[in-house]
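With chain A fixed as given, assemble chain B onto it according to the hints.
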Amino acid sequence: MGITRRSFLRRAAVVLAGVAAAGAGWSYLKGLAQSANEAPDQAASLPSAPVQQRTPQPHHWAFVVDTTKCIGCGKCVAACKEENNVPEDPHFNRTWVERYVIDEQGEAYVDSPDAGVHGFESWPVNSKYQNIQVVKSFFVSKLCNQCENPPCVQVCPVGATYKTEDGVILVNRSRCIGCRYCIQACPYGARFLDPNLRVADKCTWCYHRISKGMDPACVEVCPVGARMFGDPADPDSAVAKALRENRISVLKPNLGTRPQVFYIGLDQEVR
Amino acid sequence: MNGFIYPNEAETAWGLLIVLYPYITGLVAGAFVVSSLYHAFGIEKLRPLARFSLLTALAFVLIAPVPLLAHLGRPERAFEIFITPNFRSAMAGFGYILLFYTGLLVVETWLAFRRDIVRRSEAATGLRRAFYSALTLGSRDVSERALRLDAKVIRVLAIVGIPSAFLLHGYVGFLFGSIKANPWWSTPLMPIIFLISAIVSGVALLIVLYIVATALRRQPLNHSSVAELAKWLLLFLLVDLTLEGLEVLSMAYENEEGWAIVSQLLTQKLAVSFFGIQILLGAILPIVVLGGLALTDRLGQRVRTTLSLGTALLVLVGIFAMRWNVVIGGQLFSKSLRGFKSFAPPLTGNESVVEALIILSLPFFLLALFAVLLPPWEKEAALEGAGVPEPTVTIPIPSRLVGPRAR
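Chains A and B, in that order, give the protein sequences.
Going by this note's numbering, 70 is the number at position 70 of the first sequence; the sequence numbering is gapless.
The number in this note's numbering is simply the position in the second sequence, starting from 1, with 1000 added.
Bound conformation, chain A alone (with noise of 0.2 angstroms):
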C-alpha cells in the first residue's frame, strides 16, 4: 500500500484546517451580511440606556382584554400597523378583531373583516346580519398570546425565536430563516411570513415602547379601555386589579401553552 499512516494522518490533518478554515471564512462573512441587514432583531429598537419606570428589572408582562368593553373600532389594528411597520395588506396582522354573532339557534357567525382595521360599522359589514335573530354580539380583540409554554419556540430550528426574561417572545429577524415551522405551531394564528423581509413576524406587545415605560399602541389607542398591559405583580397596575376584580379565561388552555393574554368576558364560541 503506498499510504502509510503517517501520511495518512498528516493528510487528515491538513483537509480538517482546510474544513476549519472554510468554516471560519463562512461564518466571518456571515457575520458581515449580517451587520448590513437592517432591524436584525424585533429587540433591536431599543434604547441603549432605558428610561425609568418600567426597566428591565424582574418583570412578567401580562395583557388583559376586556371583551365587554370592547366596540370594535379597529383603532388598535390601525395603531399597531403604523407603529410595527405591518404591511397594510390585511392577511398580514400583529393584531386583529373578530366580531361574534350568536343567533336564536345558538349558531355563532364570526367574521373579521380586514382584520378590523377599518371597524365594523361600514356597509356591507354592518348590515351583513340583518336576516338573523341576532341573540347576542360581541368583539374579542386577538394578538400574540406570549404563551408562558411557547410552541412557535419549541419548534424553532435555529432558536431565532425566543422567550425575553420579561416573558415576550421574540424574532431575531437576522437568524430566522423563513421555515414557517412556527407559524404552523401557533395555535392562535398569531404569526406570519412578513413578505418583505421573507422571516417570520408577530406581535411583540410593542416591546421597543414597554421597555421605556410605555404603553403598547394599540393599550395607548383603545378608547374604552378594553385592552390593558401591565406587571400584575404591582398591585396598583391596571393588569392587576382586572386580574383580581373579575373571572378570567386564556384562549385554548386545553393545548397547555400557558397564555398571558388573558380575557375577561370570554364566551365559549371564541377559540
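Quick caveat, the hints were computed from the structure, so don't treat them as lab data.
There could be a bad hint or two in this list.
[To be verified] Here are the simulated lysine to any residue pairs, SDA-like style, with alpha carbons at most 20 angstroms apart:
(1) A/K252 - B/S1178
(2) A/K252 - B/K1180
(3) B/K1180 - B/G1339
(4) B/K1180 - A/N254
(5) B/K1341 - A/D114
(6) A/K252 - B/M1251
(7) A/K163 - B/T1084
(8) B/K1180 - A/N149
(9) A/K163 - B/F1087
Note that the coordinates shown come from a computational prediction; the quantities given were computed from them, not determined experimentally.
Using the frame of chain A, we list chain B on its own:
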C-alpha cells in the same frame, strides 16, 4: 374561503414543495429498504435490483434537500440549522440526520461498486481513467479477500441503514405529528404512517423503474424479481392502510373538538384526493389486484408483471395524494376550527407546479447519470469485466456470515 379563518391564515405557509419533500424522502427510505432486503437479509430474488435500488436511493437523497431550500424564506441562512441548532425543535435534527444518512448511502454505494470502479479505471484511458482512478480513492485491492471484507461492511451498512432510513422518514412524520395546534396532524401514529407509506412508495417506484429500465436496455425481464417486489408491496400496503384507517377511526371515535372540522375536511375538501385517490385507487384497488396475484398462479408471467406495474403506478400516485392530504389538507382548515380556505399551487413561478415537476425530475436524471457512471446491472458489469481476472460474484454474501460462524 367559507366560514371563518384567522386573518393571518389566508397565506398557505407550506405549499407544493413541502408536499414534494416527504414524497422524495419516502422514496429514498423505500428504495433503501429494497436494496437492504438483499444486502442485509439475502433475499436472492431481489439481487438483480440490489445495486440499482441503492443508486436510486442515493439519487433521491441527494435531491431531497432541494425542495426545502427552494421553500425557505431565507435560503442563504440554511446552514444555521447546523451551526446554531435549537435541539428542542423537532426540525433541528433534520440536517444532521439527512447528512448522516447521505454519508451512509455514499459509503455503501462506493463499496458496492468499488470493484467496477477499479476495473473501469484500469480499462479506460485519458480523462475517463483519471476520473475512475480518483473515484477509487487509492483503494485498488480487488482480491477475493478484499471483496469479502467489502461485502461484510456493506452488510453492516445495509443493516445500520434500515433504522437510519426509518429515522429519516419517521422523523418527517414526527414533524407533523407533534404539532398540537393542528388536529389533523397531531397523532403519534403519524411517524409510523409516514414510515410505512415511505416503504410502500419506494417498493412501487422500484417496480416501475426496474421494468422501464429493463425495457430501455432491451434486456429480458426477471419476472420473479417483480413478483417478489409485488409481494412486499402488498404486505406494506396492508400495514399502511390499516394504520391510516386506524388514525381516522380513532379520531372519529374519540370525537374531540377537532373532529367536527376534520370530518368536514375529509368528506368535503379532500373527498377526491383522500377517499378517491389515496384510499381507493392508491391502496384498496392495489391490494385487491396484488392480493389476487398472490392467491392465484393461473395468470402468465407477462400478465402478472403488467398488473404489478399498473398497481405500482397507482400506488405512486396514491402516496403522493397522501402527502398532499397531510401537508395541504392540514392547512385547508382554520385553527379556529371554524372554516376552510382553498389552495391551488400556481402554475409557474415560486412554489409552482412547474418548479415541483422540475425538482421531481432531478433525481431521475441523476439516476440516469449514475447508471452511466456505475454499472447498476450485475450481468453487464460482469461482461464488462470479461478478460480481467475476477471472482465470479459481484457482491458475495459469504455463507459464513449468513450461517453459523466457522473459522
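Do the hints match the structure? See the list:
Using a Cα cut-off of 20 angstroms, the hinted pair A/K252 and B/S1178 holds, with the two alpha carbons roughly 17 angstroms apart. As the CA atoms of A/K252 and B/K1180 are separated by approximately 11 angstroms, the hinted pair is consistent with the 20 angstroms bound. Under the criterion of a C-alpha separation no larger than 20 angstroms, the hint pairing B/K1180 with B/G1339 is consistent with the structure, at around 18 angstroms. Between the alpha carbons of B/K1180 and A/N254 the distance comes to roughly 10 angstroms, so the proposed pair stays at or under 20 angstroms and holds.
For a cut-off of 20 angstroms, the pair hint linking B/K1341 to A/D114 stands: about 16 angstroms separates their Cα positions. A C-alpha spacing of about 19 angstroms is found between A/K252 and B/M1251, which places the hinted pair at or below 20 angstroms, so the restraint holds. For the proposed pair A/K163 and B/T1084, the alpha carbon gap of about 16 angstroms is at most 20 angstroms, so the pair holds. Between B/K1180 and A/N149 the alpha-carbon distance is near 13 angstroms, which keeps this suggested pair within the 20 angstroms criterion.
A hinted pair counts as satisfied when its Cα atoms are at most 20 angstroms apart, and A/K163 with B/F1087 qualifies at roughly 16 angstroms.
Checked against the numbered hints listed earlier, the structure breaks none of them; every hint is satisfied.
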